[in-house]
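Chemist: Spelled out from the first residue to the last, the chains are:
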Amino acid sequence: MYQVTDGTVAPKLAPTKVAILGAGRGGTALLDLLHLIPSIEIVGISDRDPGAPGLARAKNLRIPVIGRIEDLVYNDGIHLIMDVTGDPEVERFIQLRKRPETEMLSGSAARVLWELVRHEANLQAELFHAEKLAGIGSFAAGIAHDINNPLQLIMGLAENLAEEKDLDAVHEQAREIVEAVRRTSAISRDLTQYARKTSARDETIVPLNNRFDEALKIARYAVSFHDISVRKQYDDGAVARGNPDEVLHMLVNMITNAVQAMKQDGGILTLTTEHCSDGAMLRICDTGCGMPAAVLDKIFDPFFTTKETGKGTGLGLYNVKTIVAKMRGNIRVESHVDRGTTFTIAFPPATEDQP
Amino acid sequence: MGEFTSGFFMGNSATNGRVLVVDDEADVRKVVRMTLQKAGYDVLEAENGEKAIETINAGENRLLLDVLICDIRMPKINGVEAIAYFRANYPRVPVIVLTGFPDADMATSMLRQGVVDYLVKPVEGEKLRESVARAMEQRELAHL
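The listed protein sequences derive, respectively, from chains E and C. Here my numbering is used: the first residue of the first sequence is 68, the next is one more, and so on. Here my numbering is used: the first residue of the second sequence is 26, the next is one more, and so on.
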């Protein structure tokens, strides 16, 4: 059995300790990026305005919010103070009062940095979207199947109604037509919701069972579930904090992979959720072809794919890893060649939005 | 596997012929049945390729089947595999593909395998009946 825990390498050196001053747009963007980097530890964030958006975000990320800027500046052991307040008074204060070993970044340097960070966040959002849209290309067969079958029913019934003499049969068939139209319109509703671009800040409490069910609906367009039996082992109340659209995107990717791994002989797809005081967990288990160690080592790398040219972007699991990291979770995979693969994702306890 | 003779030649005069509809969607089977029964055909149904093969090999059906209408995307044995089986074992039964997913490569490959028509859902009743009637003619010509 081979096992891999995401793709990131734990830092060998002690992390760089960073303090962020200013929790407006700049501070929030820095938080969002820096907390993903294992070699950086954010020791705290502070802002003179207790309502600054970055402070709520920091609480959700379990990053200490320091009431007074002074307390953060005096703190020893900080390697770098990042001042994104844009306030010359704050800048002067840090210069005067910071410990001599602490470096500082402020003014236009800090501004350039957060512009870069924002640019990076936009690129990442574009990447998610591009990969999702590339995947939707493979939905054509599934969508055609699911639209044209009810259309065949509607066509057949409507042709029959033109000649039907039995009034009860007319009523019954009219009802069937309405039902078939509803089913068909649900397809475009599901898909347009899925295809929309997600906004990076839409974080909320995400019910995992619901996301699994929605992802199953979408994945059925991407891959054929023929000869696949789906087992759900759901724990009511399994939730995680994150962006619901991103969680859906991630689960569609993983379910699609699992089903593709079983396309040869069919198999069992088991979707599990659990929760406890330490957080929540979800698991996607297939009984498919599995992966050898050489493949498993690379699955989270960008542009790595085992699919035929033109069939996979190689960005699916890379994006899954990024989304999991944004949610401060961790992902683990176990695989046995010819027996199957299990992905397990653990999330920290989900907290409500701080006012 | 023995070749079987046509219902037409067996003097099966009660119907215009016997058609087996293979589709995983009960709704599709239902309306195809409705459409063809109006034109005097006897219609059998199977929900996948495996059931279709069982049906054709069961009892008297193998003696009486005139036309096969088959979907492509189905569980168990899919349409491509089922059609290959039918072409190999019952080459005189004309096959009509009725699919929800128009695919030019698939159509070409199917027509090469001797499929007589490739119809895309939703197909109008008239067109379906014409296609089955043409298939019946081919079936009869094959016996001359």
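Treat the hints with caution; some may be incorrect.
Going by beta-carbon spacing under 8 Å, a handful of chain E positions derived as facing chain C [claimed, not checked]: (1) 205; (2) 208; (3) 216; (4) 217; (5) 222; (6) 265; (7) 290.
These aren't lab readings, by the way, just hints derived from the structure by calculation. Heads up, the beta-carbon is just placed ideally off N, CA and C, and yes, glycines get one too.
Chemist: Give a verdict on every hint.
Modeler: For each hint, the structure was consulted:
1. Given the 8 Å rule on beta carbons, the hint for residue 205 of chain E is violated: about 12 Å separates it from the nearest Cβ of chain C.
2. Contact between residue 208 of chain E and chain C, as hinted, is supported at the beta carbon level, the nearest pair being about 5 Å apart and thus within 8 Å.
3. For residue 216 of chain E, the interface hint holds, the least distance from its beta-carbon to any beta-carbon of chain C being 5 Å, beneath 8 Å.
4. Checking residue 217 of chain E against chain C: minimum C-beta separation of about 7 Å stays under 8 Å; hint holds.
5. Interface hint at residue 222 of chain E: satisfied, since its Cβ lies 4 Å from the closest Cβ of chain C, which is below the 8 Å cut-off.
6. Because the closest C-beta pair between residue 265 of chain E and chain C is about 29 Å apart, greater than 8 Å, the hint is violated.
7. Hint on residue 290 of chain E is violated. Least Cβ distance to chain C is approximately 11 Å, over the 8 Å limit.
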